[in-house]
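Participant: Residue-level listing of the chains:
Protein chains: 2
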Amino acid sequence: MPDTDRTAVGASSSPSSDEAARLGALHGVRVVDLTQFEAGTSCTETLAWLGAEVIKVEEPTKGEQGRHASTDKPGVDSHYFMLLNANKRSVTANLKSDGGRALLRALIEKSDVFVENFAPGAIERLGFAYDAAREINPRIIYAQVKGFAPDGPYGKFLAFDMIAQATGGAMSITGERDGRPLKPGPTIGDTGAGLHCAIGILAALYQRQFTGRGQRIEVAMQEAVINYGRVSYASQALWSKPAPRNGNQSILGTNAPSEAYQCKGGGPNDYCYIYTSRATSQHWDRLLKIIGREELIGDPRFAAAEARYQNRDDVDRMLSNWTRQHDKRTVMQTLGEAGVPAGAVFDTQELSTDPHLRRRGAFVTVKHPVRGDFTMPGWPVRMSESKVPIVAAPLLGAHNREIYGGLLGLTPEQEMALRDAKAI
Amino acid sequence: MPDTDRTAVGASSSPSSDEAARLGALHGVRVVDLTQFEAGTSCTETLAWLGAEVIKVEEPTKGEQGRHASTDKPGVDSHYFMLLNANKRSVTANLKSDGGRALLRALIEKSDVFVENFAPGAIERLGFAYDAAREINPRIIYAQVKGFAPDGPYGKFLAFDMIAQATGGAMSITGERDGRPLKPGPTIGDTGAGLHCAIGILAALYQRQFTGRGQRIEVAMQEAVINYGRVSYASQALWSKPAPRNGNQSILGTNAPSEAYQCKGGGPNDYCYIYTSRATSQHWDRLLKIIGREELIGDPRFAAAEARYQNRDDVDRMLSNWTRQHDKRTVMQTLGEAGVPAGAVFDTQELSTDPHLRRRGAFVTVKHPVRGDFTMPGWPVRMSESKVPIVAAPLLGAHNREIYGGLLGLTPEQEMALRDAKAI
Numbered sequence: 000m001p002d003t004d005r006t007a008v009g010a011s012s013s014p015s016s017d018e019a020a021r022l023g024a025l026h027g028v029r030v031v032d033l034t035q036f037e038a039g040t041s042c043t044e045t046l047a048w049l050g051a052e053v054i055k056v057e058e059p060t061k062g063e064q065g066r067h068a069s070t071d072k073p074g075v076d077s078h079y080f081m082l083l084n085a086n087k088r089s090v091t092a093n094l095k096s097d098g099g100r101a102l103l104r105a106l107i108e109k110s111d112v113f114v115e116n117f118a119p120g121a122i123e124r125l126g127f128a129y130d131a132a133r134e135i136n137p138r139i140i141y142a143q144v145k146g147f148a149p150d151g152p153y154g155k156f157l158a159f160d161m162i163a164q165a166t167g168g169a170m171s172i173t174g175e176r177d178g179r180p181l182k183p184g185p186t187i188g189d190t191g192a193g194l195h196c197a198i199g200i201l202a203a204l205y206q207r208q209f210t211g212r213g214q215r216i217e218v219a220m221q222e223a224v225i226n227y228g229r230v231s232y233a234s235q236a237l238w239s240k241p242a243p244r245n246g247n248q249s250i251l252g253t254n255a256p257s258e259a260y261q262c263k264g265g266g267p268n269d270y271c272y273i274y275t276s277r278a279t280s281q282h283w284d285r286l287l288k289i290i291g292r293e294e295l296i297g298d299p300r301f302a303a304a305e306a307r308y309q310n311r312d313d314v315d316r317m318l319s320n321w322t323r324q325h326d327k328r329t330v331m332q333t334l335g336e337a338g339v340p341a342g343a344v345f346d347t348q349e350l351s352t353d354p355h356l357r358r359r360g361a362f363v364t365v366k367h368p369v370r371g372d373f374t375m376p377g378w379p380v381r382m383s384e385s386k387v388p389i390v391a392a393p394l395l396g397a398h399n400r401e402i403y404g405g406l407l408g409l410t411p412e413q414e415m416a417l418r419d420a421k422a423i
Numbered sequence: 000m001p002d003t004d005r006t007a008v009g010a011s012s013s014p015s016s017d018e019a020a021r022l023g024a025l026h027g028v029r030v031v032d033l034t035q036f037e038a039g040t041s042c043t044e045t046l047a048w049l050g051a052e053v054i055k056v057e058e059p060t061k062g063e064q065g066r067h068a069s070t071d072k073p074g075v076d077s078h079y080f081m082l083l084n085a086n087k088r089s090v091t092a093n094l095k096s097d098g099g100r101a102l103l104r105a106l107i108e109k110s111d112v113f114v115e116n117f118a119p120g121a122i123e124r125l126g127f128a129y130d131a132a133r134e135i136n137p138r139i140i141y142a143q144v145k146g147f148a149p150d151g152p153y154g155k156f157l158a159f160d161m162i163a164q165a166t167g168g169a170m171s172i173t174g175e176r177d178g179r180p181l182k183p184g185p186t187i188g189d190t191g192a193g194l195h196c197a198i199g200i201l202a203a204l205y206q207r208q209f210t211g212r213g214q215r216i217e218v219a220m221q222e223a224v225i226n227y228g229r230v231s232y233a234s235q236a237l238w239s240k241p242a243p244r245n246g247n248q249s250i251l252g253t254n255a256p257s258e259a260y261q262c263k264g265g266g267p268n269d270y271c272y273i274y275t276s277r278a279t280s281q282h283w284d285r286l287l288k289i290i291g292r293e294e295l296i297g298d299p300r301f302a303a304a305e306a307r308y309q310n311r312d313d314v315d316r317m318l319s320n321w322t323r324q325h326d327k328r329t330v331m332q333t334l335g336e337a338g339v340p341a342g343a344v345f346d347t348q349e350l351s352t353d354p355h356l357r358r359r360g361a362f363v364t365v366k367h368p369v370r371g372d373f374t375m376p377g378w379p380v381r382m383s384e385s386k387v388p389i390v391a392a393p394l395l396g397a398h399n400r401e402i403y404g405g406l407l408g409l410t411p412e413q414e415m416a417l418r419d420a421k422a423i
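Here the protein sequences line up with chains P and X, keeping their order.
According to numbering that gives the first Met the number 0, the stretch in the first sequence is residues 0 to 423, in order.
According to numbering that gives the first Met the number 0, the stretch in the second sequence is residues 0 to 423, in order.
Take every hint as true, because none was put in to throw you off.
In this list, chains with the same sequence are indistinguishable; a pair is considered to hold if it fits within one copy or across any two.
Only pairs whose alpha carbons sit at most 30 Å apart, straight line, appear in this in silico DSSO-like list of lysine-lysine:
id	residue 1	residue 2
1	288	155
2	109	386
3	155	61
4	155	263
5	240	72
6	240	263
7	72	366
8	386	366
9	61	72
10	366	240
11	386	155
12	288	263
13	95	421
14	61	95
15	421	72
16	155	95
17	95	72
The set of hints was computed from the structure by calculation and includes no laboratory data.
All figures in this text were calculated on a predicted structure; none of them were measured in a lab.
Chain P extracted, bound-state conformation (with noise of 0.2 Å):
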């Protein structure tokens, strides 16, 4: 779809800038979805909840993977698949059937980008490789995610969000200090190698106003992972080992305080993270006084930052004694508000019904037609011009009417004719 579709944004007879602002920033740029699972939904349901049209195009008998993975209910789509296909619309084409390939051809010929992230070497096979893309529609921007580059020794391996944990060095930095490596919660192999991607969409986006052309990109998990590490990289070159872990220490790990401190409750989560920076004594000075301990303040044992962290057992003992006293919520309250970095450690419950972040949308409730209301995280940058609603992942194929009917305009008898040959 040529960009001057949208060029009547903005001007005299445009749309009102709330309407603009709902549309979204990227309102006019058609996606070609075949993604599955994570790494590579999560790149497109990024774009969509930029304003992209999204279309994620299906297997018709059963769709995406992700729709059956850890579902509680056979047959009904898993949250894990509504949590990462919100905005996009869904189409089932059978590429393995003359007629999928030949609608998958339409749809990169009227579309700005195309993202995949089947097992290595799968969308070559299929026939969509870069080249045959481009030459469908030269101003296309082609994006894979990948396990491992596809030139080194792994890149035909397989690959899942904990593959690339291990292989791009979070394991190696995550866990107790003399305990075995751990994977971090948060899938930054998957979600994080997505985002990485969507950058380079959005950058390819960008530059093909000058050029005219579209390109390819690629994103390695491993390589993406490696990035969110990359301050381990410091630990590196200033102590000429890898990096350890480090518990809940920083990463260069030698502050103090610098630790999750269990709170009063018992609970599982009942802790509160408390920092001080190694700058200056200010935040430190500040905790003394919260914590009742003033005749601390510019005692030599604790004054200078290399002085508490040889101190750490004593800091440490002395912050607990008062954590343990108050609840998480009450450390962090009274320790923000006098200055001090402190921050609880929050559950996903207790997230998920934060009545700020829920009026914020950093969580929403979605309607979907089969589960009903469905509460999710958002999309957590906010943009003056850029609002778009959030609505629920699309039941498989709810909108072949919509896209084959409209945007490629066949007819109902050729739906029909497609369907009866299972091409969709």
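Chain X: place on chain P using the hints.
Facilitator: Just chain X, lined up with the frame of chain P:
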């Protein structure tokens, strides 16, 4: 700077495709960079790696705080700073002086993007709130990264990476099953937020070609962290309780194998993650062949995903017995080639010295004017039309002459007067 500065690219007199790629996707985009530490600097570094001209504006006597954070040599820029400020230019401006503020106004007037992540309220007190910046330049895209949403209960609180990881739910889902909450090593509170901010800026740059207007972008680190934990909300929906810590299991936690298994060697990272999909028994059957237990293919104790999970202790024992006989690279290579998802736990040293990752540019060696050669992670997104060479972070004020003389047209005498007035 108007976009039209770039229209030559792609025309017949344009630079070659190679030259255009070297300039990058964001060539012609100018960024006024008031960021510090990591959450902001990772955003502007990303923009620089995509070809934007990033002008880092720093306090004249010491520069941005990250220059001195955890440095091993007083007076020499820290590795931490070098990792987060490559490809930028540095100018000095004392924003508490009239002269310094005038320079910042002039830079905003000539730029496309403004980014800051000072403590809450600081930029407003300096006189550069969004409304002020927009008045100077209505095309400016004005982006802010803070720990928490400014309109919420924690809007005035300070934040660092670990505070965002605690309050964004990452710590509640990281750690051993019966253990305390642990901080993921990767800095998803900082770099994770910075990348979200980059996405917002890129989308706004795209949108601006149609609207002619800039806009305001806000990212709360807490909310960015929530987005990386998106899938944990499927666990909550499935089990109607907060997503738990789950050791090394996949986040939905009903898979076996889904674990880091100890390998030969005995080092802290001599482990290999092995995962088999629940969807079919394909990975599992392949795995049994590799470990010489073909007789178990089809065995009802392991044939279905549910059965494998029920008997996960047996699964773990069986696999450990095999992995302990081989080093982690052999385990990964053997399983990967057989089509079983597997990933060795690599540490920072193994990654940064990996010949393939070096060749690919996942790690690069830059020449720093004081420290000499420095090896650091590059930018992980490969783009066929944007391949900006990575250069070392600038010394403080290294580009005063170039920017103040060249871009703003100050004479050497004017610059000297500003220096005398301690404005730069």
